[in-house]
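Each protein sequence line maps, in turn, to chains A and B. When we follow this note's numbering, the leftmost residue of the first sequence carries the number 1, and every step to the right adds one. When we follow this note's numbering, the leftmost residue of the second sequence carries the number 1001, and every step to the right adds one.
Calculated from the structure, these hints are not laboratory results. Glycine included, every Cβ here is placed at the ideal spot set by N, Cα and C. There could be a bad hint or two in this list.
[Said to hold, decoys possible] Which residues of chain A face chain B? A partial, calculated answer using Cβ under 10 Å: (1) R13; (2) R61; (3) Q79; (4) I91; (5) T92; (6) E93; (7) N369.
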Amino acid sequence: MKCVILAAGEGKRMHPLTYSRPKVMLPIAGKPIVEWNLLNAIHAGLKDFLFIISYKSEMVRDYFQDGTPWNVKISYINQGKPQGTAHAIGITETFTDDFIVLCGDTIFGTNDIKNLMKKGLKIGVTTIEDPSQYGVVNLEGDTLRAIHEKEPNPVSNIINAGIYHFDQSVFPAIKKTQKSLRGEYEITDSINMLTQTNPMQVVHLKEWRDVVYPWHLLDANEEMLQKQTPSCLGTIHDKATCLGPIVIGTDTTILPGAYIEGPVYIGSNCKIGPNCYIRPYTSIGDYCHIGNAVEIKNSIIMDHSNVPHQNYVGDSIIGQHCNLGAGTKLANLRLDKNDITVTLNGAKINTKRKKLGAIIGDNVQTGINATINTGTIIGNESFIGPGAIVTGELRPQARIW
Amino acid sequence: MCGIIGYTGFREARPILLDGLKRLDYRGYDSAGLAIIGTSLKVYKDVGEIATIEKKIPAMKGTIGIGHTRWATHGGVTKENAHPHLSCDKKTAIVHNGIIENFQPLKETLLKKGHIFTSQTDSEIIAHLIDDEYTGDFQEAVFAAVAKIKGSYSIVIVSEHAPGKVFGTRKESPLVVGVGDNENFLASDIPAFLKYTNRAIPLDDGELCVITHNTVTIYDAHKKPLKKKEELITWDIKDAEKSGFPHFMLKEIYEQTDTIHQVLRGRLSEIEETITFTPDVEQLLATNFSTLHIVACGTSYYASLVGKYYIEKLTNIPVEVALASEYRYYGNHNPNALVIAVTQSGETADTIAVLKEAKNSGQHTLVITNVIGSTATRVADSYILTQSGPEIGVAATKTFTAQITTLFLLALKTATLHHTLEPADTYTYIIQLKDLSRHIRDVLQRNDQINTIAHHLKDATSAFYIGRGVDYPIALEGALKLKEISYIHAEGFAAGELKHGPLALLTTETPVIAIVTPSPTYDKMIANIGEIKARGSPVIAIAEDKDTEIDKHVDYVLRYPCDTTDLSCIVITVLLQLLAYHTANLRGCSIDKPRNLAKSVTVE
């Protein structure tokens, strides 16, 4: 049985993090989102993968190659211009017969994938609080009747989760699918046609983690860190303190005075400390430096970035190759304790989080004592000058003094 | 410049080929065609726009195929002459960009063997030649056929004899492999496949490539497999038309190594030591005219001034160069004059008006233009194409050097026809023309250095260009380039004229660009530079690599590599184009679309 993983999307709602990587390559607990799916699918027994790629396709291909490091077979199809999920699945026609399709940017669990793999057409569904932004499913027992996309008054809280078991019968339906209002070929339209003749069984998922906006990565990171198995391939100085489940990569050194409370993930070739405080749900990539008098909590720091002196980083995401100047602080809580609102791609969004720091793209540098307010978005390659106070949304290559 | 694409993979080939051809339409075309192998090889080709042709093409099923857009240079614009061309058994199809120089003897041999030709193109012989060589191993047949052809080409081939494979080879014409996932591409340029893959391998001269849906094998001319590295294309489809250059103007400046080649293509034979134009052009040039009148506007006018220098030097026939808007009302319409109009677009209103009136007054007319089928080509008795492909930047670059080169060829041909030049001298000029592309490439490699000098120009409010002889119109053109894209007031002067007025305008803030070539007036130029230096103006000299004297007299020197005085003006033009480009870029100007200007002036 083949597994098709949809990994072509750019993820505009994940700006600025997706200016330089496709959405599925965003790191959560030390691994790209799509690798968690690959691992879970492998545990479920799948061995033959077909990745649909397009935006920055070389990053996906370079990372996963032909699948040898995972002992599976991975091949690729370039979707070209992304034209929707039905188009993506449609181009796999000559490569597939009975197959699983999953959205690479949503994390699915091993047991759920196993259930999907059982005989017959299937669709994964899940129950959520606010279904208005998803396709709500109309069920008859365990059989799908129809999917209704993003309706203002949804019929239920059960939504299409983005994982399917198809066979060749889906392709005639895809070919008949018309462009939707937003100009894409949607697989939900194909499924609504398919169910007229070929009933689809519903699988209620136990695990499901969708990431839409950057701050959702923090929730997903927290969930995956809770599940991680502790290990240490680096060196921990005996004057350093490590509590709780911690993963430490090869050639990473934890220096004296470092106080680390798990769950925490630290990649390879990092220098942690001396004298820093790393609090739970923090993921640090490879080749990072966390220096003296730094406190980090509930954050994602990507590869080659430095948080080197007297910094506070809370509930934040920092891209690759960033450097915070001495004393740069990232605020994560409003004084009035209200929800934090973010301006992303020019639109205001209530994150429904009380605590959120900054979302910082790649190659950003800040000067000494720069102050970054709650919910600030900083585009790639920006410079934040010494003592600057930053708030709102900064476009890439911004210069703030 | 024709466009080529080949595809093999899992998708239906038809939409991919058509889309690829649309992405190549910047190269210009008049007809297009496809060949797709499904259950059997099927071909569709026609004259016209791809969008129109697309509607007419019948359903062609298959996941392997080739496509072509033709820009006619040899053989008329007809359905038969459009590519792909087929072998007699209709099992092999080829598309070709370039020219097969020895197609005549090859065609005669193939005709004797019973091959039947359906077009007037040189390209068709490739399909028959492969067919003729085929004895069971198709790849060997391709190798053998390619070994027999001479000329410049990029060729892509599919055949029922080699299922699943597309073959490609090139010499002096572009061909790039697009390495995809479960599919591969061959195309004239990267935009043709960039939607599907950003991994490319540009082929080098003489290499032959075989692609299947999951393999790419490249051989050198001796059939030895080569390992070539993929290049990752980082610019995206939006930048695609500019091939990764920040501006069309810079892209077009860089294309000049190729466009000069295009001008000479099919017209210059090193082996036979001759220059060939179409029979009607040659007939026109052979007539016994007493004088030549060249009419043009803007940049084309400056090209014409260079042309005057060439024609008078090589033929002793007096040449009068006039601005179309002046000649039209005030020129002497000598019925014994051959009127040559130079217009890039072929639509310049004033120039067309001159052509019409010249015809009415019984003068013979010839037009030098870049656009086949333009109004000027229909009005004039005959036309010569500059074959440079469309120019999108408003500031003319590649078409200017193509016009000069064309006028030089015209001067040479006229001299031969009127017996004013020894065959040995003609041969020397042919060799010099062949070297021209190489010299231009050399100048392009000095881009960084030119950029550095542009810093000394960017803050000027006024700049002067000076030159003597053939370099005087080049000074005019250099000044035009600077003023039109950087908005710095710039004037070109004949160096000897400075002291008759313009010297009064010089200040310590007025840079002067002096073109100093090793001509008999070299010492006079040095004296002129002395006059300028006495007023304290900074001088940037454009001088030959070997010139060791010039540094003593000027502030900055930009060097060019040519050692042939007559053609060095083309190489210097490229240098001045880059200087204007970088100056404008440093000033943050809108380079491709200067204020108040349009590409083709169709009003009077």
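Which of the listed hints are broken here?
-> When the structure is compared with the hints, numbers 1, 7 turn out to be violated.
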